[in-house]
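Please arrange chain B on chain A, whose structure you already have, making use of the hints.
Protein chains: 2
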Amino acid sequence: MDQDPRARSGACCPNTGAGAPVRRPRRPAEETREEILNTAEKLFRTHGYASVTIADIAAELSMSPANVFKHFRTKTSLVDAIATRAIEQTLHALKALASDKPASERLAALAHHLMQEHLAEQKDAPFVFEMILVTINEELDCGDRFREIVVGMIAEIIHAGIREGVYHADDVPRLANASFDALACVIHPVMTGMEKAGIMATRCREVVGLIDAALRSPLAK
Amino acid sequence: MDQDPRARSGACCPNTGAGAPVRRPRRPAEETREEILNTAEKLFRTHGYASVTIADIAAELSMSPANVFKHFRTKTSLVDAIATRAIEQTLHALKALASDKPASERLAALAHHLMQEHLAEQKDAPFVFEMILVTINEELDCGDRFREIVVGMIAEIIHAGIREGVYHADDVPRLANASFDALACVIHPVMTGMEKAGIMATRCREVVGLIDAALRSPLAK
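These protein sequence lines are chains A and B, in that order.
The first sequence begins at 1311 in the working numbering and counts up one residue at a time.
The second sequence begins at 1311 in the working numbering and counts up one residue at a time.
Extracted from the complex, chain A is given alone in its bound form (with noise of 0.2 Å):
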């Protein structure tokens, strides 16, 4: 099944009978996933996800498309494990963000710094807005996580307001919840994509200081 031609040509192994396809050494799993991720990810970036198939992938990395096959069954597969990437390493930014600052000027600061990180994504590759569609088109389970993670750095510092006394707040989670789908217009991947960075970043402020507000009223639940 291997008909890598970078392994064809290379050293050949000595107990290899002629004819024989030479087969690579075996690397790790995971380091295999990476590599396949990395280049379908290039590849849609700059060639759209439509008109990339994963034999273009397998070509572009010298790989059967069975061994592509064998680390991801479909091209969505393949969408899903590269947005949920991106979303694990957004994770990392965020977490360190404005940790030391009053809980409003942390939610500002997440929401804008996710505005942000969409709006830069879009500007680079025109592709990405394709790649989005799919994972919304296709529910992948990246959208799940990307909520979850998100809900609960807001959940977080919702409880950071209660602490410092300006946020008053019954069920943290269910607000949390909703001021998540409140920022939707700015830093859902969807929404970034459709205005200018100016005027996003305008509604952003407002729909914060909407939010902020609402978790300083005592009526909020």
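Incorrect hints may have been included.
Where chains are identical, the list cannot tell them apart; a pair therefore holds if satisfied intra-copy or between any two copies.
To be verified - Here are the computed lysine to any residue pairs in the SDA-like style, where the Cα-Cα straight-line distance is at most 25 Å:
id: 1; residue 1: Lys1433; residue 2: His1422
id: 2; residue 1: Lys1352; residue 2: Ile1397
id: 3; residue 1: Lys1405; residue 2: Ala1465
id: 4; residue 1: Lys1506; residue 2: Ile1446
No lab work stands behind these hints: they were computed from the structure.
Just so we're clear, the structure is a prediction, and the values are computed from it rather than from any experiment.
Same frame as chain A, now just chain B:
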């Protein structure tokens, strides 16, 4: 230019020379425009925007493409007009909505109604989402028109809430805009296409609750 086969096969006008194409009686331009919009909307909805041409619309109407072109110079201008018409129709339905109820109930009714409209639209016709993406990617005027109308309605509700003594706001237009943006997760046509109706209904209720709490807070500017 008029190559309408129906007109040619119709009753012949006595003063028309043999061989000359028979012209149909002129109709008011507004009526023709509506007829073109109805047919274009029907074809876009059933076959998809991308696969329907101006020539297809003209053929369906037994009209010359030049005649359609006289009213709409591009397919995008057709989509803009179809969407604007739908928005104006929604406006009429919304104006009467719960106008005798307290402001917070009116806000909930407005958001719920807009969400239901979009959900119903998209359930009916899978190609509606494609048209919505066209209005966004081409930055058509209908998007601004939708925003303008709904922000105006929210501002009217906030003013009513201030009169009732439950809402506090110095800058109503600013809060109306922020509320509209916060509601994007449930009323933006791209967002309504992404989730199941039950989840959307819960989200709508929760985000309206958050906005209501913000508007009740004397901290909301």
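Verification of the supplied hints:
1. When the C-alpha separation of Lys1433 and His1422 is checked against a cutoff of 25 Å, the pair qualifies only within one copy, where the shortest distance is 16 Å, while the shortest distance between copies is 34 Å.
2. For the homomeric pair Lys1352 and Ile1397, the shortest alpha-carbon distance inside one copy (17 Å) is at most 25 Å, but the shortest distance between copies (40 Å) is not.
3. With identical chains, the CA atoms of Lys1405 and Ala1465 are at most 25 Å apart within one copy only, with a shortest distance of 13 Å there and 37 Å across copies.
4. When the C-alpha separation of Lys1506 and Ile1446 is checked against a cutoff of 25 Å, the pair qualifies both within a copy, at 22 Å, and between copies, at 12 Å.
Of the numbered hints listed earlier, not one is contradicted by the structure.
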